[in-house]
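Enquirer: Next come the chains, spelled out residue by residue.
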Amino acid sequence: MTTQMLTYLFVGLSFALYIGIAVWSRAGSTKDFYVAGGGVHPVVNGMATAADWMSAASFISMAGIISFVGFDGSVYLLGWTGGYVLLALLLAPYLRKFGRFTVPDFIGERYYSKTARIVAVVCLIFVSFTYVAGQMRGVGIVFSRFLEVEVNTGVVIGMAIVFMYAVLGGMKGITYTQVAQYCVLIFAYMVPAIFISLMITGNPIPQLGFGAEVLDAKGLGSGVSVLEKLDGVLMDLGFGAYTQGSKSTIDMFAITAALMFGTAGLPHVLVRFFTVPKVSDARLSAGYALVFIAILYTTAPAVAAFARLNLVDTVQDTAYADAPAWFGNWEKTGLIAWQDKNNDGVMQYSAGAALSPTKPIFTDQKGIHGERLLKNEPSASANEVYIDRDIMVLANPEIANLPGWVIALVAAGGVAAALSTAAGLLLVISSSISHDLLKQTLMPNISDKQELLFARIAAAVAVCVAGLFGIYPPAFVAQVVAFAFGLAAASLFPAILLGIFSKRVNKEGAITGMLVGLIFTFSYIAYFKFYAPELNNSVNWLLGISPEGIGFLGMLMNIAAALVVSMMTAPPPTDVQDLVDDIRIPTGAGVAHEH
Amino acid sequence: MSEQHYHHEGENLPPPSHHDQQVITDAAAKGYWRANLRLLAQLLTVWFAVSFGFGILLADWLDQFSFFGFKLGFWFAQQGAIYVFVALIFIYARRIVVIERRFGVDDDDRDVDAANDQGAS
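Protein sequence lines, in the order shown, are assigned to chains A and B.
Count the first sequence with this note's numbering and you get residues 1 to 595, in order.
Count the second sequence with this note's numbering and you get residues 596 to 716, in order.
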């Protein structure tokens, strides 16, 4: 069977599985729809949380980014895992004890205010839509590369699948589908990683191979470790050492913090801890989630280093005519390009952008060596090779000469990662609309059945909007990833944290805090990303903190504003203080619910 | 629905458990919360030290030490901190349960588990 047919088969089978699960676990009540009935086992919830969390960006892009920035990529590894410690220790158990459906539920009740609830809904919708647009695009890209359909057709197929199980099954359908998706995506990630680690170091465990000696041509130890070799090779080519950062320490610190606190404030992750039976299960569940996430997150930096080494080995000083087949395959998709600046027919790879502008613009013609010709001007750098970071994971099986079924598996894994995250996001968007906006604010008299219907309609509308974002991506989609984390860190995280750990913070304080954090972070990012992108460099940044890390400062401002304003206004009413006392005590969170 | 007083907009209240009939004294609740905060402070200190400390602020200095083929600071930033994070969550989950039992505020519903085992779930 060809790789193409295998890919159709694997992706098709995985879709059949997801739909089967959706039909089996159809939601019957709002409780099923919002929190899967509240009786999910902590290991199952941990696995679902891991799939929910690891998006197309984690699966496809993260190793690629680390591969190109080396030590600086640690911000993602630390930020996107360390947030779970905050979740498990500071938020999840108390939110579970609170025992309701959504994040705005908590903020609305704790701050006894519809305004606070609506501010929370606005933050939630902004954060979640930013995210979901990227997921739909990710589905489209995987489809177009592996199934050779139009990106837009891929998006529509993805929408149809998510529609089936998110709209029918709600949280219940999503939870069990995500478990299946986790299994598919982690298997798809690990198989090529293990093969490549074996190939380069002879050690089958990528986490250990990462520090091991590189094998020489005879398969014997060369006495040089992977990272030493990588540092040496890259410095010879004019890059910085792989294990040394180029970001300033304060910026590394701020970005890591913004990603960590942002992770702990992301609504689609928080809501997962409403689904387990007990408070102690919420803590354990966050622990299992991090175990399942850590399997991928400790493999990713190893894959990144191996892939970079492989890439340099394959490309540097190789005649274009002798380049392996994968080089041409990815050149066809436009993610690799070569411009023979010195007309020697040999690819020279070094530091600096190869092209001007940096993204390749192809003509229809081919050059004398068979390469695709470019409209781009050659840049001042001697570098002749353009490589898109996103291909590092997707091209890995081909670079390592792995069989067709592994390539098919990676395609199915990429789709699983994107779909599981998209579904989780769509669910929090729909529940914040049907529950927080309609039931709790605008139409308090609707019945449970009507609310469930509204939830399904909201999910359906959200799927369509997300699909449109995927088909017509706003030019800024890639730019706004910083928004999602920065805003979650600066708005939702402090409001929840203070709501649990302080009895004194009142509605005036919380609302002021959220608005200060939100507006400051939003303005800072918008200024440097959209209004004055030419000024976006460390000289102009406030305290040397980039827009990616500014959410950390926004968070500190939020906390400061909330405390100061609360001190100057009346304390919260007694019943709210009693509520805080109550959520601090694990006893009586309600027992295992019926399925 | 005896808990109605604090869920003002509420519905779907958590069903009452047998603990609701027991009285948790103010002193027990306060003692539990202080012990919890102390444990959190210890664990979060470790959390900060391995990530922001070893992985970022001290990474350059730690890089002079070699650890299984890695520079130590680099290893913390790309591997070690993540392993410690996992350990921290499970350590907290275990130790806080011991503290809860000591103050009688745990969520262990043995009667209900038994009922579930016989029941329809």
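No lab work stands behind these hints, which were simulated from the structure alone.
Each residue gets a CB set at the ideal place from its N, CA and C atoms; glycine is no exception.
Just to be clear, a hint being listed does not mean it is correct.
What the hints assert, rightly or not - Which stretches of chain B does chain A cover? Using the computed rule of at least three CB atoms under 8 Å from a CB of chain A, they are:
{"no.": "1", "region": "624-638"}
{"no.": "2", "region": "642-648"}
{"no.": "3", "region": "656-666"}
{"no.": "4", "region": "670-683"}
{"no.": "5", "region": "689-697"}
Enquirer: Look at each hint and say if it fits the structure.
Expert: For each hint, the structure was consulted:
1. Three residues within the 8 Å Cβ limit are the bar, and the region 624-638 of chain B against chain A gives 6, so the coverage statement holds.
2. Counting residues of the region 642-648 of chain B whose beta carbon lies closer than 8 Å to any beta carbon of chain A gives 3, which reaches the threshold of three, so the coverage claim holds.
3. For the region 656-666 of chain B, the proposed coverage by chain A is satisfied: 6 residues have a C-beta within less than 8 Å of a C-beta in that chain, meeting the threshold of three.
4. With 10 residues having a Cβ less than 8 Å from any Cβ of chain A, the region 670-683 of chain B passes the three-residue criterion, so the hint holds.
5. Counting residues of the region 689-697 of chain B whose beta-carbon sits less than 8 Å from any beta-carbon of chain A gives 3, enough to reach three: the coverage restraint holds.
Checked against the numbered hints given earlier, this structure breaks none of them.
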